[in-house]
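A.B. asks: Sequence:
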Amino acid sequence: MRILVIGSGGREHAIAWKISQSKIVSKVYVFPGNAGIDLDNQLIRIPVSGPVSNQCIGKLVNENNIDMVIIGPEGFLVTGLVDYLKEKRVPVVGPTKAVAALEGSKIFSKVFMRDNGIPTADFEIFYDFDKAVDYIKGSKFPIVIKANGLAGGKGVFVVKTQEDALRALRHLMKERALGEAGNSVVVEEFMTGFEVSFIVLTDGRNIIKFPICQDYKNLSDSGKGPNTGGMGAHFPLPFLNENMLSKFEEEIVRPVLRGVENMGHVYKGFLYCGLMVGESGEARVLEFNCRLGDPETQLLMLLMKGDFLPLLENACREDEFSLSEVSTEFWHQKAGLCVVASAKGYPGEVLKGDVIEVGRQIEDDPNIKVFHSGTEILDGNLITNGGRVLTISGIGENKDALRDVVYEKMSLVKFEGKHYRNDIGLTEVREK
1 MRILVIGSGG REHAIAWKIS QSKIVSKVYV FPGNAGIDLD NQLIRIPVSG PVSNQCIGKL
61 VNENNIDMVI IGPEGFLVTG LVDYLKEKRV PVVGPTKAVA ALEGSKIFSK VFMRDNGIPT
121 ADFEIFYDFD KAVDYIKGSK FPIVIKANGL AGGKGVFVVK TQEDALRALR HLMKERALGE
181 AGNSVVVEEF MTGFEVSFIV LTDGRNIIKF PICQDYKNLS DSGKGPNTGG MGAHFPLPFL
241 NENMLSKFEE EIVRPVLRGV ENMGHVYKGF LYCGLMVGES GEARVLEFNC RLGDPETQLL
301 MLLMKGDFLP LLENACREDE FSLSEVSTEF WHQKAGLCVV ASAKGYPGEV LKGDVIEVGR
361 QIEDDPNIKV FHSGTEILDG NLITNGGRVL TISGIGENKD ALRDVVYEKM SLVKFEGKHY
421 RNDIGLTEVR EK
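The sequence shown runs 1 to 432 under this note's numbering.
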């Protein structure tokens, strides 16, 4: 099979890397990719050569005789790339545009949860700045303010004072710092507990549950600093058990599939459930994403021992429900941990073009892998080209020992302004 992976981040590098190991794959293309794709002789990078559109990607599919497309980032989902490719009868992994509104619109998502009995935080919706301000002035803190549209993980503000809340509202609705994404907002109850990433692959009826891991959203140690797309992740989580996982499926995933079916659609692809798990084990939804998480994918692809490609084939078959559960042997029964290195200025405006030095001994361990994100090659040098630059991922028998190894490898990556958290896997992410 000839596969095209869409995206340029660490998630897409990890997906392409894993798929390239399949016995049924002949070529793996990545568009637009990053320097990590260039450096991997098992992968083929298709660089951007003009404006990116659904039609442009359709042309790439035809020119390269692609058998299946895997979409990494959310932007392509919410603009209808899946719909476009399905019209062309191209197998594609991902939900249609109407379904991707679960991620593309916080307002749509919250209303969907309310209407389908899916547990989530209490919320209010505002399209008008002055009405939002009036509500804030009567609120108890902390509360959470979310931009309605896509914001790359930067549209959520946990605010502890009225002053901070008003500043966040002005930032979104008046200053339009996130453009149209912040024209309307959701103001919701602040939830306490442990945050987890519960990801499934589904054909609309059957599901495959991925190992539940936990990512670290804040830029700096101890949950300080602004929200980001994610600065690291770890697995396993000792506070979870099988009964809780079954409950998550029945109370959250199954109602999503039924709700989508009631809309007249079938959910095919990945469903990422960002959950807040309380002290008694009950879970409420923080957010839905309609694709794999980043950096969780960089961890999950290492934990995956079996062949990923047949699962994706079965998940995207039209009018078929042929996805079947995998055995425990499909996954390495090991701990996993990944740490992201970001560029100076992230998650704001970042410096690009700094030379990156990566020690050759980083990947001398088969249980360690470097996945590239914001990287490029210029004049023979590896350089920074984005906010999150690369991820070092590892698996091992013991999480504490693994943590030492991953951080030792991270010390071998050098570039100006390099930033990373030092506490990944040290403690569970908990909101109090």
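Just so you know, these hints were derived from the structure itself, not from any lab. Being a predicted model, the structure only gives us computed values, none of them experimental. Treat the hints with care, since some could be wrong.
As the list claims (entries may be wrong) - No more than 25 Å apart at the CA atoms, straight line, and that leaves these computed lysine-lysine pairs for BS3-like:
1) K217 / K334
2) K224 / K97
3) K97 / K86
A.B. asks: Decide, hint by hint, whether the structure agrees.
C.D. replies: Quick rundown of the hints versus the structure:
Restraint check for K217 and K334: satisfied, since their Cα atoms lie roughly 23 Å apart, inside the 25 Å limit. About 35 Å separates the Cα atoms of K224 and K97, which puts this hinted pair outside 25 Å; it is violated. Restraint check: the Cα-Cα separation between K97 and K86 comes to about 11 Å, which is no more than 25 Å; the hinted pair holds.
Violated hints amount to a single one, hint 2; each of the other numbered hints is respected by the structure.
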